[in-house]
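Take the given structure of chain A and dock chains B and C to it, following the hints.
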Amino acid sequence: MSNHDWSRAMRAIWLLNTIEVELSHLGIPVLRVPPTLRDLGDVFAQGTMSEQDRQLIEDELTRAHAILAQVVGELQEGMTQIESLLQKQPMTLITEDVAESTRSVVWQKL
Amino acid sequence: MAEIMTAREAVERYIKTGTQVCWGGFSYTRRPFTITREVIRQRDRIQHHFCTMNGGASVEEALAANDLVSRMETTYVGLEGIQPVAYSIRRRIQDGSIPLFEDYSNYGYAARTIAGRFGWPFAPMMAELGSDIPEYDTFGKAGLRGKNADGSWIDPRIPPKKFAVIDDPFDGWGLRPHAFDGGDTTANKTNAIDRTRESDKYTGNKGVKVLLVPPVLPEVTVIRAQRVAIDGTVRMEGILGPDAEQAMCAKVLIVECEQIVPSDELRATPELNHLPAHITTAIVEQPFGGYPSAVPNYYDYDWDWFVSYGRLNRKSKEEVKEWWTKHVVDTKDDWDYLQRIVGMNRLFELRATPGYGYRADLKRPM
Amino acid sequence: MQQITDEAYDSYLEERGLTRTQYTTMELLAVASAREVPDGAFVFAGTGLPLLASMLAQHTVAPNMTLIMEAGIVGPKVEHLPISVSDPRGCLKGSMVSNMADTFGTTALRGYCTVGMLGGAECDMYGNINSTIIGGYWPAGVSGTGHGPHVRFAGSGGANNIASFADKVLLVMVQEERRFPERVEYLTSVAGHRGPREKKESRWDYRLGRGGELVMISDICIMRNNPETGILELDTVFPGMSVDEVVANTGWSLNTSKAQELQPPTEEELKALRMLVDPSRIYLGRRSKREAAAQQK
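Line by line, the protein sequences give chains A, B and C. The numbering used here numbers the first residue of the first sequence as 1 and each following residue consecutively. The numbering used here numbers the first residue of the second sequence as 1001 and each following residue consecutively. The numbering used here numbers the first residue of the third sequence as 2001 and each following residue consecutively.
These are calculated hints, taken from the structure and not from any lab test. All values reported here derive from a predicted model rather than from experimental measurement. One or more of the hints may lead you astray.
To be verified - Simulated crosslink set (SDA-like; lysine to any residue; CA at most 25 Å straight-line): (1) B:Lys1326 / A:Met1; (2) C:Lys2200 / C:Trp2252; (3) C:Lys2200 / B:Pro1134; (4) B:Lys1363 / B:Arg1351; (5) C:Lys2289 / B:Pro1177; (6) C:Lys2077 / C:Pro2279; (7) B:Lys1363 / C:Ile2282; (8) B:Lys1161 / B:Asp1150; (9) C:Lys2200 / B:Pro1177; (10) B:Lys1201 / B:Pro1214.
Said to hold, decoys possible - What the simulated footprint calls covered on chain B by chain C, stretch by stretch (three residues with Cβ under 8 Å from a Cβ of chain C suffice, anywhere in the stretch; the number is not a length): (11) 1131-1140; (12) 1154-1161.
The beta carbon of each residue, even a glycine, is placed where N, CA and C say it ideally should be.
Only chain A is shown next, with the shape it has when bound in the complex (with noise of 0.2 Å):
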């Protein structure tokens, strides 16, 4: 294979590496949310809250919700990608990467 498209390839694999090298990090606070948030189900179980207190909790828990939503979305449309890459259909650029004219100047110059 060419320099050039190696350089294409690995721009790939070092970008997943970076993702599953961040995700194995976040894999430990991740671990904690079940046994944590069951604790919490014990204070709420209490009924000792005040409605103030449980709203401001609440609102918390919707955001973290909303925001794993999220990453659960994009992550399912990096899976989607290499799904299809590995059945070798056609991809489309989604996210906003250094584009690779900006970044190539290097072969540019050759």
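Here is chains B and C on its own, set in the frame of chain A:
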């Protein structure tokens, strides 16, 4: 403004005969081999350089094997578990083909980079006293320190003194374990600071002595980072070593990287970044270019390469240099080297295991 | 200690022709060094035997110790043996990663360098270590001889600094008379007391405000420095070695009056060393020169 360029261009522009180059990374990790190999490719033009760094010695071994080192200023020239003393460097210091070598300890050199990083005229450090390290000043003996009759620096890259010793103006008050107020919480328990006051060595006065070192201000520093933003912001992952300090001390900074990324990717968390955009001069993108050293989270070191090179470099100087000619000089660039000489298969065999940052099941036979 | 099944250990021993009680020189050295680490210590260890010993100490006598790797890692939980202080394996699950200046400044000088484990090329009667040169320091550009030192070693690295800041230094060396002179030719690291106190040659006279306790562990014996004189004296002879042999391999007149016998490595110590610290025997598999020479006979 950080400029993206090829390795060839970066070396042509910034590394000349005799340039003082500070090499980043540490031993087996994140060594800037893309630029190193390009310097070797251009060895006929460059001929030799002034090599300085705190984290030897794989890159320096390669450069010495190609007769590219005329001066060295450093702390350690070994390859540790695989070869206790880097043979190409060792034989040349012994036979004189590396004529000038200035010894420091890791902390002494690191203190110099702290002075350079903070813009201080010098930095204090409390080691090296009592040893022979301050007793031998190679550059001084060679007449390289200080000024000419006309007031110009003999060599502006070399400080006028290797070190200085002063009497602590604060009488040792700050030293730990702090025993004056009834004890300290440090792990260290021995405290003989009072006994050191009785000596008048180094300054001729009794009291607590402090060693001062001048900054190191390299003409060029070269480092390899995992990611560099297109604006020059640098983020390293895993072991940091002396890189941020050595980079900040330099006049010109060349950063080779695995990926050039959009600015937002690194600027989203500035507290995780190590170098600001404004100090980066040149960016060179070369995936796998740290080979054969390790780049944490990406790939491991090539153990087999180091073991077989450790046997090879004991052959005659000519044979070793011929090996570098065949394996590096005769390649067009690092992509050519990685594909043709190393093979992409081998590179992917070194891929880091998730959660470890290195290849957890890497076979390491002697 | 992690649970190691008898089956796993027996199969390991069989594959390598080892037994539960017999040990190699490397294993002996690692065990003897590990025993010197106090629990709760902050240990600066270089690669090779010092690292083996530190990791073994963590599994045995010093479970609360903190390992400091010179590349700037504080407290890693090592799973695979590093072969360099900068090996990414030494960074696993560390409490903090920092730069080189932090290792020696923020950690060591600031007061967290209890034990330093070092190697060296030469060690003299006061425990001064030479890891720089033999046969003339000056490089060719200034030596006037047309060449540099007869032998050039790796240099200080962090050894000088660790020896300056540690409360206690462990020096691990191969013992031969030529490597144990009365005085080192070049003083890289002051691990003990430099010279006679009455001549104002102690480490305190040279402004080193910590430390002074030195243990030298070689492949044939253990020496400790006398608290009064600073001179290394014979403490323990290893099995199979005679006191005379130790004296013959020491370049100064060695005091042997306190010599005792070694408590041999226990089964538990050997098991931890073999199964947890260096299962691939990257270092344990190496034979000392003495062992190799003995095997040839």
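Next on the checklist: Output the indices of the hints that this structure fails to meet, ascending.
Outcome noted: 5, 12
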